[in-house]
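Undergrad: So the sequence lines, in the order shown, correspond to chains G, D and V.
If you use the working numbering, the first sequence corresponds to residues 813 to 1156, in order.
If you use the working numbering, the second sequence corresponds to residues 160 to 481, in order.
If you use the working numbering, the third sequence corresponds to residues 2 to 284, in order.
If you're looking for bench data, these hints aren't it; they were derived computationally from the structure.
In this text the structure is predicted, and so the values were computed from the model without any measurement.
Certain hints may be false.
As the list claims (entries may be wrong) - Only some residues are given here: those of chain G computed to face chain D with a beta carbon under 10 Å:
| no. | residue |
| --- | --- |
| 1 | ALA903 |
| 2 | VAL973 |
| 3 | VAL1002 |
| 4 | VAL1008 |
| 5 | GLY1013 |
| 6 | LEU1014 |
| 7 | VAL1146 |
| 8 | LYS1149 |
| 9 | ALA1151 |
Glycine included, C-beta positions come from ideal geometry on N, C-alpha and C.
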Amino acid sequence: MKRIAGLLTAVLVLASAGIVWADNPLSINGAGATFPYPMYSKWFDDYHKKNSNVQINYQSIGSGGGIKQVTEGTVDFGASDGPMNDDQLKAFKDKHGFGILHFPTVLGADIPTYNIPGVTAELNFTPEALGGIFLGKITKWNDPAIASANPGVKLPANDIVVVHRSDGSGTTYIWTDYLSKVSDEWKNKVGKGASVNWPVGLGGKGNEGVAGLIKQTPNAFGYIELIYAIQNNMPYGKVKNSSGAFIKADLASVTAAAAGAAKDMPSDFRVSITNAPGKTAYPISSFTWLLIPEKFSDANKRDAIKGFVSWMLTDGQNSAEALSYAKLPKEVVVKEKQALTQVQ
Amino acid sequence: MHGAGPLTGSRSFVSRLRDGDEIVRLITFVFAASVVLVTLLLVYELWIGSSLPRHKFGFHFFVTSVWDPIADQFGALPFIYGTLVTAAISLILAVPLGIGAAIFLAELAPARVSDVLQFFIDLLAAVPSVIYGVLGVFIVIPVMRQYVQPALKNTLGFLPLFQGPAYGVGFFTAGIVLAIMVIPYIISVSREVLLSVPRDQREAALALGATRWESTWKVVVPFARAGIMGSIFLALARALGETMAVTMVIGNTPTISTSLFSPGYSIAAVIANEFTEATGDLYLQSLIELGLVLFLLTFILNGLARLLIVATSQRGSGMGQA
Amino acid sequence: MSPRLRWRKFVSGFMLTMTGVCAVVAVVVLFFILGYLVYHGSTSINWNFFTKLPAPLGETGGGMANAIVGSGKLLLLAALIGVPVGFLGAIYLAEFSGTTVAFIVRYAADLLNGVPSIVIGIFAYILAVLPFKHFSTLAGGLALGLMMIPITLRSTEEFLRAVPRNLREGAMALGASKATTIATVIVPAAYRGILTAVLLAFARVAGETAPLLFTALGNRYWSPGWNQPTSSLPVMIYNYALSPYEDWHRQAWAAGLVLLGLILVINILARAILSRGVAVPRS
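Only chain G is shown next, with the shape it has when bound in the complex (with noise of 0.2 Å):
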């Protein structure tokens, strides 16, 4: 018994002297979208290297609950692809007795990527197509809906797989949102949302979750966040924006579709730019936003928060290419860093 114990607190002080000898530095929790994860990432782990006794920990739990999460205040900022509505916005008001303010860091894109044994061609989708897919109605792949916009490609009579998000998603959000934009049918029958009641298709967790299911699963089909399908060499294809164009996923197309938001941007940041107008737009492109509380009890945290914001405002969008993702446009850029003043 003697020995136990004596055992037990021996542990317990190396333990505890561990814990003493690291130079305790400054944790602030975030967690929120796996959409930009790739880039909070690189960038958290960046900022760490330049200012280590700051450490940014971000768990990519996903939209839905990055939101869930800075409301509660178990993190101290959230993260998500889809801003937060009214609703949301009160009830963090109602709980906290101050706001919450949305930050965006950059801009990225939705991409539909297939797995189709023996296809290794670029697809055109039409906003029909990509509907009644996710509906439920088109069940093939050589369905006319998807082989009339891809002349040439020798699609096969396969059952398309559909794959979307398990869990609470910015990426579903802004999915959806194009959605309900291009099918009334998909607007009245399911809506936009980050959990939506999928008509059809096998859920995966976290955009890793769904790539990892498409890459595994022949013949799905779903939709992920452009740098997850580069990353992992999965096609995805062309899709058909407002102007009748049929445009890749990329930082020029990206930017396109933010040109037109940049100038009339809300003061508080909220906006959606899927289905935007432009001829070289892409269609399912979206702002992803830092969730910042207006008020921080704790002076330093605070601080940190405020000085990674600052440094990803400037330094920070100068990584965001290499990794797909596109700069946010400068006049966005000047109204962040006025806004920022008004975290306290």
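Start from chain G and add chains D and V according to the hints.
TA: Only chains D and V this time, still in chain G's reference frame:
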């Protein structure tokens, strides 16, 4: 004055106190009581934490199959269905295999072999569930998708059970992974129970001219029946509550389907996936109500299991009078 | 030999062989699992795995050093909660209590034991995360500790009860108080069994993932102190295995091997201790 005898009933409170007995009694009582308090608190929190959906949906919660966070409509049916179906599949696979193995270990194998094999089977029970999930993702799903499901479709495809596209994920795959996880429980407990059946039962049967198998199957196993049933209930309770392995292979889609190949969802899996992000009280509390349902299911089953296992050991000591 | 007897003998041989097949299948599955894990895990384990922190998404060269330490801290906390409650509660049940109280406590412990681990996670979230507005190692340790309690309690009680009466009575005949008897005679006699119980409870919670999902959450860095979210091996395995990155898959295998190895070692150790001898009455 020190107590006179070992049985403390006659000593005064003060002398017991001085000896430290009463203090030790009090301290240990507090710890023992804390176990009860924690359990009560757990049930209380689950009950309180699910008050909104209980009042709003009432009984409908159990028969609605819509799970729509946008429309604030929550129904538990797909999850209850998925939980029960995967558990049923796992038992259908694990029970015959498990009891067969237990019979072998208890009746046929030499004691040494039996002990060594039991040791290994106990190790199987110690493998963490997330590892079963990983193996499910990397081995079982591709095998199911490429070989097993197409083969079943070709041979038994006229049954609604085996129709539909072969995704690899789904009820069947989850059932198989669960079966592997619960076999060790069935084997361990059944073997114990079979070993405790008195020798004279077997010998009486053999003396009357039964073959080895007849003596086992018609005399020993029925004798141990209650305990074996108990082990099955224990395995069932484990299968119902299993989270990680299931969510990695079931497809995470709230669907009710007669096809075993269909993707589905279980109570534990949906809680694991959606709990951290459930915005809105009704959503979160509906998940907690699902947790309460799961708790009640496992509670009832565990209770039955223990009753049955106890019944065996009592019968074992009571019978044997010729 | 009559045809009927021949048939019965055939059935007997056949069925008994089938039971052998069942046993073989069960064991083969185990060896397959172990072998697969060992093969994939050992090819992925490298020095990086044990010493480096996770790298940003998409980059290689990261490791799980913080997850290993995180799991260690969580298990330490779990033991600090589970062992004293289980041990002291068991002493009460075995030595002091009357039958009704004993029944209630045992029933509660069995109930707690049967609670699915995800529900324990919900409970710990409500108790230890919401009020403090923090995901933390503490909350994770609490969840795991709650799971350890019933196992330690019931097993320790069994071993305490197994200590033969004559040892107790001998001590008391010499004038020892109950407390002294417990401390100097009964517990040392049951020592091996109790240690086994603790080790087995440890092994059981070491691999638990679900309760950690909403208590300890996760951390890309070292988790300072006890109040911050922390990484842990099971959660990392879960996240990495479901991702599309080859590098992460390899790390998941390595972590799986380390975790399984740890649990198996604990199990084997526990059995070895137990088989060396529980107190045997000398008559």
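Undergrad: All the hints need checking, so say for each whether the structure fits it.
TA: Hint check:
Hint status for ALA903 (chain G) relative to chain D: holds, with the closest Cβ pair at about 8 Å, below 10 Å. The interface hint given for VAL973 (chain G) is met, as the beta carbon of that residue sits about 6 Å from the closest beta carbon of chain D, less than 10 Å. The beta carbon of VAL1002 (chain G) comes within 8 Å of a beta carbon in chain D, closer than 10 Å, and the hint placing it at the interface holds. Here the hint on VAL1008 (chain G) is kept, as its CB sits about 6 Å from the closest CB of chain D, short of 10 Å.
Contact between GLY1013 (chain G) and chain D, as hinted, is supported at the beta carbon level, the nearest pair being about 7 Å apart and thus within 10 Å. Proximity of LEU1014 (chain G) to chain D holds as hinted, the smallest CB-CB distance being about 5 Å (cut-off 10 Å). Interface hint at VAL1146 (chain G): violated, since its Cβ lies 32 Å from the closest Cβ of chain D, which is beyond the 10 Å cut-off. With its C-beta approaching chain D no nearer than about 30 Å, LYS1149 (chain G) sits outside the 10 Å limit, and its interface hint is violated.
Taking 10 Å as the C-beta cut-off, the interface hint given for ALA1151 (chain G) is violated, the closest approach to chain D being about 24 Å.
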